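One line per chain: the protein sequences are A and B, in this order. Just so you know, the first sequence maps onto residues 5 to 261 in our numbering. Just so you know, the second sequence maps onto residues 6 to 494 in our numbering.
To be clear, the hints were calculated from the coordinates, so they are not data collected in a lab. Treat the hints loosely; a few may be bogus.
Beyond 12 angstroms from chain A on every Cβ pair, some chain B residues (computed) [stated by the list, open to error]:
| hint | residue |
| --- | --- |
| 1 | Ala101 |
| 2 | Val182 |
| 3 | Asp188 |
| 4 | Val247 |
| 5 | Gln367 |
Once the Cα atoms are required to be at most 30 angstroms apart in a straight line, the calculated DSS-like pairs of lysine-lysine come out as [unchecked claim]:
| hint | chain 1 | residue 1 | chain 2 | residue 2 |
| --- | --- | --- | --- | --- |
| 6 | A | Lys96 | B | Lys444 |
| 7 | B | Lys489 | B | Lys15 |
| 8 | B | Lys361 | A | Lys96 |
The structure presented is a predicted model; accordingly, all values stated were derived computationally and were not measured. Cβ atoms here follow ideal geometry from the backbone N, Cα and C, with glycine treated the same way.
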Amino acid sequence: MRVALMVTCVNDAMFPGTGAAVVRLLRRLGVEVDFPQAQTCCGQPMVNTGYLDEAVPAVRSFVDAFSGYDAVVTPSGSCAGSARHQHGLVAKRAADNGSDPGLARAVAEAPPTYELTEFLVDVLGVTDVGAYFPHKVTYHPTCHSLRMLGVGDRPRRLLESVRGLRLVELPGADQCCGFGGTFALKNADTSVAMGSDKVRHVRETGAEVLVAGDNSCLMHIGGLLDRQRSGVRVMHLAEILAATEDEPAPASRGAAR
Amino acid sequence: MSGTFVGMPKFPTAAREALADTQLRHNLAHATGTIRAKRAAVVGEVENWEDVRLAGAAVKDRALRSLEENLVRLEESLTARGAIVHWARDAAEANAIVTAVAQRHAVDEVVKVKSMVTQEIGLNEALAEAGIAAWETDLAELIVQLGGDLPSHILVPAIHRNRAEVREIFLREMAGVGRPAPDDLTDEPAVLAGAAREHLREKFLRAKVAVSGANFAVADTGTLVVVESEGNGRMCLTLPEVLVSVVGIEKVVPTWDELDPLLRLLPRSSTGERMNPYTSTWSGVTPGDGPQEVHVVLLDNGRTRALADEVGRQALRCIRCSACLNVCPVYERTGGHSYGSVYPGPIGAILNPLLKGTGDPQTDSLPYASTLCGACFEACPVRIDIPEVLVHLRSKVVDGHRDDRLPKPEAAAFRGAAWAFGDGGRLGRLERLSGLAGKVLGRRRTTLGRLPGPGAAWTDARDMPVPPAESFRAWWERTDGGRKETPRG
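Excised from the complex, chain A in its bound form (with noise of 0.2 angstroms):
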């Protein structure tokens, strides 16, 4: 099987970590996967805030860098539910105003993208990754994952069989925390007060770590988290997943490794 990593223009730019992580872990479970260099962004921002005609290109660089994969995995469930459920509405438009009339097809022919944990779960098997992580952990399930996606219990299934994870709920979990792509800038008040509650749902826990399957929700919780000096650590879960006695998480996040 050929499997592509789609990072994400994200964690490309900000969080290239994670996506080292990601190698890693899959390296670990036999998996290597290739990245192509023709990858940028699933197009999601431009859709999202309305600008059809110009996630025409960002489409078109998606099924042109992943055709002739036979999966695609990507640490986003966010990313992954806008190729799943976006690039259609796209490709109509790019057919519609003739910018890109063979995208349709294209994006028919794509091969599947799956999130990370799904990928896990679903094509490899697993639930016990064989990673070591001591330390009291709360998990939010973002909005897209959740609800756009469906990976249920698939993260926490992964989480629980981490060893030394320590994991605690998280009161009101199912809740957004506001971030919502320019919704944060656009609505930066609305979308303050909405991730103050998480942060403070976040605290109540004494979690140490706060993990998601998506930074850029955790960049808007973790933002806030930082502000308020609170200690609290966010991660992304392939980090977690990815980290061994041999070889544990690094201490602060960004750089790959």
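Let chain A serve as the given structure and place chain B on it in line with the hints.
Frame of chain A; chain B shown alone:
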């Protein structure tokens, strides 16, 4: 006496004010939390809830697909049963019809059943201009009306008020328009409801003309249906001599049997009850029983415009249950007034632009008043994919500005993004620039504090991570995907 939504600012501005009102935040969090839990409990006990949802959506889709036929059949059935049917293209026509009926009977007041559509057309204000008082008889509507306030929720229009505030409104305002509140009024819900009952009773017994909406209109039997909890609706529908019902054309269902899934979906989604206490149905005039003059005003007011929108037309399935409001994290914090319409919350964010069309800055701000978290779609009893319609309407808003002589900074930014995302190599070169910034900034810190300019929208309350010195793309190239990894200091 009542307020108006005319001239409301755009959503972000209105929301900022609402967010600063701590009493409002507390009232809303408490009320939506309570209804959410009630709904979840009664929905959870229906084993085949998803099947009922699908059936309900299918009924409404069927009705809308042959809307013209169904409406003509409704008119025939109603007329055959002695009702007088009027057609209204817009709010002004509907208001004129209702006003004319009231004037023909020389009344200076009407009693009203709670109805969203009469709020939508501003009927009370139109009647007031003609010197006719319209008394709201639903408890929450009464609170809003007495307080000179605006509704902020579809089901519970006074959701933004707590019981202490309600007590004050009753003590202050009831005397001016009828039976005063008792001097020893407390803020016990039962006592407040008792005061409202006494106050309204004399109006029910006196009024000659009543005005209602309808939850459903059955085409083949000519039956209108009103679903309610308090019994005030039943009073208005049976006691007065004349009844005028304003009905949006999307309320039609083809047959009586098709009410079945809808009447099961509505109470559980709306009040969190298994069954609503009162379901009134009437078909035209029944001699010697109830109103002897029955008018039905069939209203378009933008509904055919919404129907013409391929993606948006599903919004016409809405049965006004308000489940989407109660589960919406944005609504829970900003309240209903921020939406500047009688239809607030997620459904309002799509219904307003669909009914009115995009182009007005306030209306255009509504599709953006959502994080697209999807809780509304999950709760909607007739499966309106609200996030899908929101995104669709955002594209209409953007497309409406494509010919602007001076593009907005946002449009320019997205054009730049389209260029960058069109080519992986181009994006990689841009990332090297951000990596350079990261290298410089990252020497001293891991996060950025307050930024100037457009960055302030993010950093006023949130730190921003410093960009890493090396993008993932560059790391992959340098290390062959980690296979040639050398530990870096």
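How the hints compare with the structure:
1. Ala101: holds, 37 angstroms
2. Val182: It holds; Val182 (chain B) is separated from chain A by about 36 angstroms at its closest Cβ, greater than 12 angstroms.
3. Asp188: holds, 40 angstroms
4. Val247: holds, 45 angstroms
5. Gln367: Per Cβ check, Gln367 (chain B) is outside 12 angstroms of chain A; nearest 14 angstroms; holds.
6. A:Lys96 - B:Lys444: violated, 41 angstroms
7. B:Lys489 - B:Lys15: violated, 54 angstroms
8. B:Lys361 - A:Lys96: holds, 26 angstroms
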